[in-house]
Structure formats: C-alpha cells, structure tokens
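J.: Construct the entire structure; sequences and hints are all you get.
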Amino acid sequence: MDQLVVVAMAQPASPTTTAPHVAHKIPSGDGPYARAKHFQLVEKDLDASIAWFWKAISTGDKLVSALKDMAVVMKQRGYLAEAIDAVRSLRHLCPRQSQESLDNILLDLYKASGRTKEEIELLKDKLRKIYLGEAFHGRTTKRARSHGRKIHVSVKQETSRVLGNLAWAYMQQGNFMAAEVVYRKAQMIDPDANKACNLALCLIEQTRLADAELVLTDVLVGRYQARDAQDGKIVRKAEELLARIMAQAASPGSGGGGGGTVVGRRGGGESSDEDDEWVENEMLALLDVAVKQTPYRKTSRRLPVFEEISPVYRPEQMAC
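Residue numbers (my numbering): 3 to 322.
The hints are simulated quantities; they were obtained by calculation from the structure and are not laboratory data. What you are looking at is a predicted structure, and each value in this text was computed from that prediction instead of being measured. Where hints are given, some of them may not hold.
[Said to hold, decoys possible] Cβ pair distances, simulated, as ranges:
no.	residue 1	residue 2	range
1	ALA251	PRO193	22 to 30 Å
2	ALA251	ARG90	43 to 51 Å
3	MET190	GLY33	48 to 56 Å
4	ALA251	ARG141	41 to 49 Å
5	ASP87	ALA249	20 to 28 Å
6	GLU242	ASP110	43 to 51 Å
Glycine residues also receive a C-beta, built at the ideal position from the N, C-alpha and C atoms.
T.: Take a look at the structure:
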C-alpha cells in the first residue's frame, strides 16, 4: 500500500488550464488593446471590444493593430460606414509601412458595403503606386498569406491581382466593356484561370459568345498553370459558363456569334464616362508605356514589370 502511495505521489500533476491570453494568442497585461482582444476573442462581446479598441487608439496602445482589428470587428457587427470613416480619419496617425494594409482593409469594406465607385478609385491609386515603385517600398517582391501559407508575391502578380479586382469592380457597375479591357491587361501580365473565366463572363454579357467559348476552352484544356486547391472550382465555373453559352446560343434571337450586340453597361450602375476615359487613356498609359524619365520623379524608380510591357512612352498620356 505504501508503495502505491509513493508511486501516486511521483506522477506528474495534470496540466493546468491554459491561460486565455495564451490560448487565444492575445497580448498579456491589462492595457486597452489587450482588453479589447480579450472581449473580442474570449468574451465574444464585439461591442465592448470596439469600445476598448477606440481607447487603445486614443492612448496609442498598439495603434495600427488596434485600428485594423477595430475595423474588422466593426465589419462583423455591420457597422460598415463607421468602419470606413474610422480608417479614413485615423490612418494619418499610422506609419507609412502600414498604409498598404489599411488600403486593403478599406477595399474590403468598400466591397462589402457596395461602395464600388470608391473601391475603383482606391484600386486606381494602388496601380499608380505600383507604377511609381512605391507599393513594395522599392522591392520587387513582398510577403503575403494565401490560404494560411506564407508566400512571396512578385510585382507582376500584384499588378495582375489589382487589375483583376478593378475589372471585377467594373463588372459590379455593369461596365463590361471596361472590365474586359482591364481583364485582358491583367492576363497579359500574369494570366490565370479565374480571371480567364471572368473575362469570358464579360464577353457573354456583351453577347460575344464565340469569343467567350474560346477563352473557356483554354481554361478546360489546362492552358493556365495549376496554382491551388481552387482548380476544381475553376473547372466547374468554366463548365457552367459554357452551359450558359450553349443555352443562350440556342435561344431565339440570341445573336450568339462573335459579332453580337455589344452591351456596355447593365443595371444602371454608377459607371461614368470618366471611368471609360481612365480605362482607355490613363490605365493604358500606366501599363503600356516604358518610362525613360518619369514626370513624377527626378530619377525613375519604376518597377521592371512596366518596363517589359511596351517600349513607347508618351508623357502627354500621363495625367494622374
């Protein structure tokens, strides 16, 4: 019996419950930011967390993180307009390195709230920054996360991604002609199957069914390099669009050939002649020209992706 007692006493104590700040990966301590994260992640009281994020911002306690996290929580609560106002009014307090991530938060908020016009303007501004070599702080790659993995994103990939988002925003406005032009530019720089499907959708909306079918055929024969687990969804998307083409072509008076009636806009969106002019002039200038001496700087820091697209520079086209 005594031996059993000794053995029992020698057994290691069972592990204690993990502290909340460790389990939820939140800062320890009692500062405003730590309290805000506690209410957000442990108590699940989002309104209380917003109040403490405001306190953290006002006291400078992890200012950038507090502003970003507060915007995310406000979006979860449906306070989209308030989140947009907060980011726009407080971002001047944040260092330059954080501005790109704040832009991305704003883009997400604009998209969620249907403020497409402001989303488009911010995407145009991101393109200008890439053009001037400012987006990556003069580097040719940056670190990012994709499906939980850390990856390196090149300037070409980022330019194509931003163009793809811009084209999608034009689609939300019903400006399919502008969206088509921007998608084609994105595909010239860094082609992928998802943007090809969206380009095909632009063509379908313009009743250019034969052109759309050619684009989708390239997707289905594997012309675009496989990138991630989304490939199965892309194939299904392409097949659904092809089925739509067949149904539309079979309907009476569809005009299913490549020279069908062009529908530039649908649904009475917010698109304007200014958007069309930007696509036709400024965006082409940003992407089609190679600058020997940029008008914005005494020395050009333009990144190589723009140097590779076209050898002609027309200063009069640059009217940012």
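J.: For every hint, state whether the structure bears it out.
T.: Here is what the structure says about each hint:
1. ALA251 with PRO193: 22 to 30 Å: Check passed, 26 Å falls within 22 to 30 Å.
2. ALA251 with ARG90: 43 to 51 Å: holds, 47 Å
3. MET190 with GLY33: 48 to 56 Å: Roughly 49 Å apart at Cβ, these two residues keep to the hinted range, so it holds.
4. ALA251 with ARG141: 41 to 49 Å: holds, 48 Å
5. ASP87 with ALA249: 20 to 28 Å: About 45 Å separates the Cβ atoms of ASP87 and ALA249, which means 20 to 28 Å is violated.
6. GLU242 with ASP110: 43 to 51 Å: Distance hint for GLU242, ASP110 is violated at roughly 26 Å.
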